[in-house]
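For chain A, the structure is supplied; the task is to place chain B on it using the hints.
The chain contents come next:
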Amino acid sequence: MFHIHLSLFSKTKALEADIDKFHDKLIDASISFTKAVKIYLKEGRNADFEKHSKQIKLIEHNADELRRSIENNLYGYNLIPDLRADVLELVENFDKVINKIDEVTYMFYAECPQIPDEYRESFNELVHLSADAAENMCKASRSFFRDLSTVRDYSQKVYSIEHESDLCSRKMLENIFASDRQLAEKLQLRQFIDGIAEIADQAEDFIDQLLIFTIKRDI
Amino acid sequence: MALTFLFYLSSGLFLGWSLGASEASNFGTAVATKMLKFRTAAIISSVCVILGAVIEGSGATKTLDSLGDITSLAGAFMIALSAALTTAWMVKLSIPVSTSQAIVGAIIGWNFFAGRTTDLTILSEIISAWFLGPIFGGIFAILLYYLLKITFTHWKLHILRKDSLTRIALILAGAFGMYALGANNIANVMGVFVPSAPLHQLKLPLGIVLSHEQVLFLLGGIAISVGICTYSHKVIETIGNTIMKLSPLMAWVVVLAHGIVLYIFSSTELRDLLISWHLPTLPLVPVSATQAIIGSVIGLGLAKGGRGLNWSVIGKIVISFVITPITSALVCYISLFFLQNVFQQVVY
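The listed protein sequences derive, respectively, from chains A and B. If you count the first sequence from 1, you need to add 374 to reach this note's numbering. Counted from 1, the second sequence has number 202 at position 203 by this note's numbering; the numbering is strictly sequential.
Chain A on its own, in the form it takes in the complex (with noise of 0.2 Å):
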């Protein structure tokens, strides 16, 4: 008769559990995002750069597969119908960033830029920027669903280093295209640039959303 029963419960708590554990993959897919980049800087596409590029192709197989469940859950057992239809829009732009990290990887695997040795420190520190955001990101989205008076804080971050890491993106797109060098080794430099500064855009472009929503949920 009532459907308030304990494996609702059960059921709830295998969903913060799986919530979670989408959280990690984007904090795993950045963290591996930033070795491959930068052994690929370093020592070009070898085994170790593979071996993190696979890597990151099973976390975002692996984040897609929770983000199905979850939202099946989540319709399945009717649960948190009010807001249901705003995590179901958050948790697929949060996937869509794992997703980014993953073609920008394998844009690096498939097409093995040759990055001329002037630009690598810049494409690091635009990886890093890009890597942070989506970190702070994660941040912000996990407090959304626990603590809502930090959601503020990390989406300020976030804010602040997309600032930066279009700056840094602007100012390389500028440098390359003053150089010399082939408009095709041009142009293939800018969709690595862009690519990576996608990322840190799309965090931006989540935060907003979420800012949204968090008004939306306060009492």
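Hints are not guaranteed to be accurate.
Said to hold, decoys possible - With a straight-line Cα cutoff of 30 Å, these simulated DSBU-like cross-link-like pairs (lysine-lysine) come out: (1) Lys36/B x Lys385/A; (2) Lys387/A x Lys33/B; (3) Lys395/A x Lys148/B; (4) Lys36/B x Lys387/A; (5) Lys303/B x Lys148/B; (6) Lys36/B x Lys148/B; (7) Lys91/B x Lys590/A; (8) Lys33/B x Lys395/A; (9) Lys61/B x Lys590/A; (10) Lys385/A x Lys412/A; (11) Lys155/B x Lys303/B; (12) Lys303/B x Lys385/A; (13) Lys385/A x Lys148/B; (14) Lys590/A x Lys303/B; (15) Lys33/B x Lys303/B; (16) Lys233/B x Lys590/A; (17) Lys148/B x Lys387/A.
As the list claims (entries may be wrong) - Here are some, though not all, of the chain B residues that point toward chain A, as calculated from beta-carbon distances under 10 Å: (18) Lys33; (19) Tyr144; (20) Phe151; (21) Thr152; (22) Leu156; (23) Ile158; (24) Arg160; (25) Lys161; (26) Asp162; (27) Ser163; (28) Gly300; (29) Leu301.
Keep in mind the hints are simulated off the structure, nothing from the lab. For each residue, glycine too, the CB sits at the ideal point set by N, CA and C.
Only chain B this time, still in chain A's reference frame:
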């Protein structure tokens, strides 16, 4: 005799049915947001409303009975019918009507017709309770809102756990609200029949004995339950989606606040407790559940920044304080005239 009694009681049962159909919106948000199935809500509501009516229905009934001692079944029938018709008419005019105001008006109409004097002290107590109902609703909603805010600021709870707790809290508050509705509003439905109903004690299993008054309240409670089960679905959906478009947590605040209001105006135990503590007491008077809910929603709006103050709704409530009893009194007076002179019934 039994058939005559049932016929006369039918107007009270009809009033009970319409009360169940229209005022039992405690589970509105929970059902509208699909946190709770309608069937579950209807079963909990029915059980609690009957329990409230039987266990604590006598407090408010005594006050209503002291306004007019209706010793004729035909008179009681017409009072309840006039109140029911007035309520239906006001609902059609979209005025947040209260069956309490309608029944009080009808009793005054009967007093006029029977040439009895209306006890103005009791009347003023009742009218003050009508004003206090929505005001207390607002105050309790504000207090509960801040209590929730403080609790959740310090208690970092996962969104999913909060959801599970909210469900349980909504069920408990809804059940309490329905219990309080039964305790408070049964006076409107059955109060006028108490002096004249030819009923006896009822012995139930487990040594439970219901007095004749409680048997009447049981019948009224069943009528309210039938109203809940047969017709409240539409009202619940409407209230859940329009008037009370609140988050489940805020709905909990409103439902609990209105439940407390109904309870403090009906519980003799609470009154005795306040007396023993030398604290001021409140009159035990039937108040409007809908108006208490509106008061709570307005209070919640004020607590959240004052955006919820809807003057037109407040105006409509005050208008209904005046229009409903007057209309009901007039309808009752005219109907009693016909009942006495055309149908040759003893109405007082």
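Query - Those earlier numbered hints the structure runs against, lowest number first - result: As far as the earlier hints go, 7, 9, 10, 12, 28 and 29 are violated by this structure, in ascending order.
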